[in-house]
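Asks: The listed protein sequences derive, respectively, from chains A and B. If you count the first sequence from 1, position 42 lands on 42 in our numbering, and the numbers rise without skipping. Each number in our numbering corresponds to the 1-based position in the second sequence with 79 added.
Worth flagging that the hints you see were computed from the coordinates, not collected in a lab. Incorrect hints may have been included.
Said to hold, decoys possible - Pair by pair, the computed Cβ-Cβ distance ranges are: (1) Lys-76/A x Glu-477/B: 55 to 61 Å; (2) Glu-290/B x Lys-76/A: 35 to 41 Å; (3) Val-79/A x Thr-389/B: 20 to 26 Å; (4) Lys-534/B x Asp-65/A: 29 to 35 Å; (5) Val-79/A x Glu-538/B: 47 to 53 Å; (6) Met-540/B x Lys-2/A: 25 to 31 Å.
Here the structure is a predicted model, which is why all the values come from computation and not from measurement. Every residue, glycine too, gets a C-beta built ideally from N, C-alpha and C.
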Amino acid sequence: MKVVVCIGSSCHIKGSRQVVENLQKLIADENLGDKVELGGTFCMGRCQQSVCVTVDGNFFSVSPDTVKEFFEKEIKAKV
Amino acid sequence: MRKFDTKVQHLKYKVLREVARQAWNDTLYDNLYEIPKMIVPGKIPTMRCCVYKERAILEERVKIAMGGDKSNPNIIEVIDIACDECPAAGYDVTDSCRGCLAHRCEDACKKDAITFDHNYVAHIDKTKCVECGMCAKVCPYSAITNRKRPCQNACKVKAISINEDNAAKIDDEKCIQCGACVYQCPFGAISDKSYILDVVKMLKSEDNGKEYKTYAIVAPSISSQFKYAKLGQVITGLKALGFHTVIEVALGADMVAQKESAELAEKGFLTSSCCPAFVKYVKQAFPDMAKHISHNLSPMAMLAKYIKDTDTKAKVVFIGPCTAKKAELQLDTVKPYVDSVLTFEELQALFDSKDLEIETMEEGVLDNASYFGRIFARSGGLTDAVAQGIKEQNLDIEFKPCICDGIEECKIALIKKSKDMLDANFIEGMACVGGCIGGAGCLTHGPKTKSDVDKYGEEAMEKSILDAISMLK
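With the sequences and hints as input, model every part of the structure.
Replies: Here you go:
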């Protein structure tokens, strides 16, 4: 599974660093390191929303507050 | 507010703007010969002896705006017919000499080159004079002037000589592409070649991002430029030109600071690798010191490499204050990552070629780097960042930096180090005085540029290098 988080300026201001760090931690805690590849990109062109994330190409809008819920539902449950 | 320091820059800008405008419209080759006339219409000259000479020189400027002489790898080029063949007599005593008693000039001259006539007026023996300038410095009447060409004066690596036609000539081996002569020549007879057409083509061919995406990466010194608008408006303007997104090279600087501090701790002595003109200078003038040059890519190349790792089809355009970056682009180690380089001057021309009034646009955002990455733009910034990198990584090394801006300072430090007379383990070398904010490709240079850089640094969301780069892993 490939998870890509936008680290462009807009998403950075909305907390992409916290999203990335939380995902890194959650992935490590659940021992999913070999199944989930976490990467960054600059700008997905949807700067109006929260932090832009894709999971195998599918788009999600995530904030530092919703990252845990997002992880459970879209990553842990589907991997 | 003034957009440029000098009228020479303004003229160069007008040519670039017109070339880019025609290129956007696919009419460049139809109107190529008309461009000089568009810039100098009518019959009354304003710069030279006649409009025909003005237009002949403009033809040469158009060529340089289109990439210049492809057979000459140096990105700095002399426009022979624009060179005014300034007098190059060296130090001369003018009629301000009053034939005083003190004769400080005589005492200051270590070469016994000063003699006096029956009116006690000083004369300089050219066969003895080594042009050290001491006599001029001590004369209370400022009666001794240096009739050196501004280009030769500006060139601290002594790459400029005078050819058989009395025009300036560049020694391409010695030239480090710092652009000092470009900025200093009062006739605009030396110019940096432009890649503006490559960038227009890149932006036109991307088919709204379907073919590939073009990333603008902007040097941290941008915080001291485009002062008639807000930085956020410059970002919106870049996107209006067709760039997919804009990223701070300061993020690449954060990456460099992290690695450079680790490399320093490992090797014990380093000279910096951020400034391509300084790197080239070390290689050509102090080849024995070349092994000490940091092996890190520059912030530009470091960030571009990261972008291409995340997007294999990305095209990356660096936009900055620097002419030497255009030469760095040609290096085999950089070529795979950076597709083109523009100066701030050229970006202004690009905005206006599309009639974009950035000062009326909404403000976009730019926030990728830490305070430390952002202050790379000014002298001492890299050193502060390396010190921070050492602290953040708890590295075991006593940091003894030597900060040099301007080639003359770099030269002194390198001479001392090569003779083991410099008590420092890190030389920060920047070819331009003041650091990148003094770069030849800046629109304006002013007393506030350094404080602008620091202020912008303080606005960064991330306060430490590790925080800024933590998400890159």
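Asks: Tell me, in ascending order, the numbers of any earlier hints that this structure violates.
Replies: 1, 5
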